[in-house]
Amino acid sequence: MTFEEIDLLVRRANPVPDPSELGSRPSADEDDDRRGTVMQVQDLSSTRAVDSSGEVNSTTEIQHGSGPRFPGGWVAVAAALVVVVALVGVSISTGDDDGNEGNDAAAVPTVSPAALADAFVARLADHDAPGAMSYLTANALVEAGGPVGLASEMRWRAASGFQLFFDRCREVGGSDESTVVRCPYAYDGIGSGEQGFEPYEGSSYRISVRRGWIDGFDDQVEFNENGFDADVWEPFYRWLLANHPDDVARMYVDGPDEATTPSTTDEAIALWERRSREYVEGPDPTDPP
Amino acid sequence: MASFSSVERRRFEKMYEAHGPEVLAYCARRVGTLDAADACAETFLVAWRRIDDVPRPPSTLPYLYGVAGRVIANQQRGIRRRSRLDVKLRALGVAPPPDPAVVSLQTVVDRRVVAAVRALPPLDREIVMLWAWEDLPRSTIAEIVGMSTAAVDQRIHRAYRRLASVLRPTVTEAGSDRCLKTEKEAT
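As you go down the protein sequences, you meet chains A and B in turn.
Note that the numbering used here has the first sequence beginning at 1, numbered continuously upward.
Note that the numbering used here has the second sequence beginning at 290, numbered continuously upward.
Honestly, the hints are just simulated from the structure, not real lab data.
Being a predicted model, the structure only gives us computed values, none of them experimental.
Each residue gets a CB set at the ideal place from its N, CA and C atoms; glycine is no exception.
A few of these clues could be false.
Derived, one-sided and incomplete: chain A residues facing chain B with beta-carbon distance under 10 angstroms [what the hints assert, rightly or not]:
1) Met1
2) Phe3
3) Glu5
4) Ile6
5) Asp7
6) Leu9
7) Val10
8) Ala13
9) Asn14
10) Pro17
11) Asp126
12) Phe166
13) Gly193
14) Pro199
Listed next, with one range per pair, are the computed distances between beta-carbon atoms [to be verified]:
15) B/Ala408 to A/Ser175: 37 to 47 angstroms
16) A/Arg170 to B/Ser348: 45 to 55 angstroms
17) A/Arg170 to B/Asp341: 51 to 61 angstroms
18) B/Asp442 to A/Ser175: 58 to 68 angstroms
19) A/Arg12 to B/Arg450: 12 to 22 angstroms
20) A/Thr261 to B/Ala307: 53 to 63 angstroms
21) B/Ser348 to A/Gly174: 52 to 62 angstroms
22) B/Pro347 to A/Gln220: 48 to 58 angstroms
23) B/Asp442 to A/Glu225: 44 to 54 angstroms
24) A/Asp219 to B/Ser454: 29 to 39 angstroms
25) B/Arg450 to A/Ala230: 29 to 39 angstroms
26) B/Ser428 to A/Pro245: 51 to 61 angstroms
27) B/Pro410 to A/Asn243: 24 to 34 angstroms
Residues from chain A that keep clear of chain B, each with C-beta distances beyond 12 angstroms, as calculated [unchecked claim]:
28) Thr179
29) Val180
30) Ala249
Model the full structure from these sequences, guided by the hints.
See the structure below:
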C-alpha cells in the first residue's frame, strides 16, 4: 500500500471527522447513508445505578437519529463544556450567582435493548472485561464464568490475536419482561488477517436484556462452515505439534487428543501469545526456546 | 481567587469559541465521550488559570493540544488506578476501550484501522493522529511534540509502513464494499 492509500484509510477512519458538528443536534432529515444510524451511549457503566428496590435507575440517554458519526455525543460533551465555561464565568465575576438551576436536569432514561447490546459487544470487541461485566446481572456473570473466567477468556482472545468485528445488534424476539437481541460479527484469529484471510463471518451473540441489564448471553461461534477451522485452527495445531509438541498439553485443556478447548491459565495465555505470533511472523530471536 | 480583568476574560471566551470544538474533538478521538468532556473542560481550566502563558494565534491551538494531551495522560493514569484487574488487562497491551457511540458507527474497515492506529507506539500514535485526524501540518506537529519537522516526517512514514503491514491491501476494497453493503441492507 502506498503512503497516500494508508493516509486516506487513516483519515477516513477518524472517529470524529468534523468538529464543527459540535453542539448541533442532527435533524431527523439529515442524510445517513454514509455512516448509518447515530447512537449516543454515554458510558453506560458509569451512569447506571440500582436503587434500593433493585430496579435499574439509568440516566443513560440514547439517541437514534441521522447524521455523521459522533454528533450525538457532541450534545453531551458540549453541555459539559458549557457547564465548565459557566463555572469559570461565575468564578471570575461577582454577584451573578443567583442560585438558579437549569431546567434540563431531569433527563428521561431511555435505553433500547439493542443499544445496550451494542455497547456491551463493543466492550467485548475491545477485550475490555471490566467494561463488559458492568452490563451484566450477577447471574449472567456467573454463567459467563465469573469475573475471573470472563477476564481469562478475553485475555486469551487478545493473546491469540482475535478481533471481533460487530455489525449493529438487532432485536429478534423476547417476552414482556425481556428482549432477545442478536449481534452478528465476523472475526480474525491467530493471525488469520495477516495470512490474507478475510474476517470469518457467520457468528453472533444472542443477548437477553431485562430491565436495562444483560441477564444472559450466548456466543454462537461459527468456525466450521466459514472455513476458520480448516484455514487456521487445524493448520495452527499441526504446526504446533510439529514445532512445539510439549506446549500442546499446556495450551489446550483437552490437548493433545482433541485440542478443541484452549486453556486460559497464565502460562497457557503467554504461550498462546508467543506461539500464535511465531506462527504468523516466524520465530522471534529474543524469545527463549 | 485572584481577580481577572475583562480583557483576560474576553480573550478566554474568544479562545474557547475558536478552539473549543477542535480541543473537544482531539479529546474525543483519544478517549470516550464522558472522559473527553472532562479532559476538554480540564484543558480549558488549565488554559484559564495560565491565561498569560497561552501563546497567541496561530500557536494557541497547538498549545491547547499539548495541554489536552497531558490532561488525557493524567486521566488515563487515574483510570488505570481504578481497578487492579483493569491494570492487568492494560498491561497486556489491550487498547483503551473506544466510546460505544464511536464503535457503533464505524465500518469494519474503520474499526480495523482505528485499532491499528491505537496499537502504534505512543509517540508515533500521537503524531499520526495529529497528522491525519487533527489535520495539522508537520511543522505544527513538530512544535507540539518537541521534534524537528524532519523527525516528524520520518515518524509518520515509519508508522504508515507499520500500518500498511497490518492492514492488508484487500481490506481497502473488499472490506469497504462489504460494510457499505451491510449498512445499505440494514436500512
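Which numbered hints fail = Those not satisfied: there are none.
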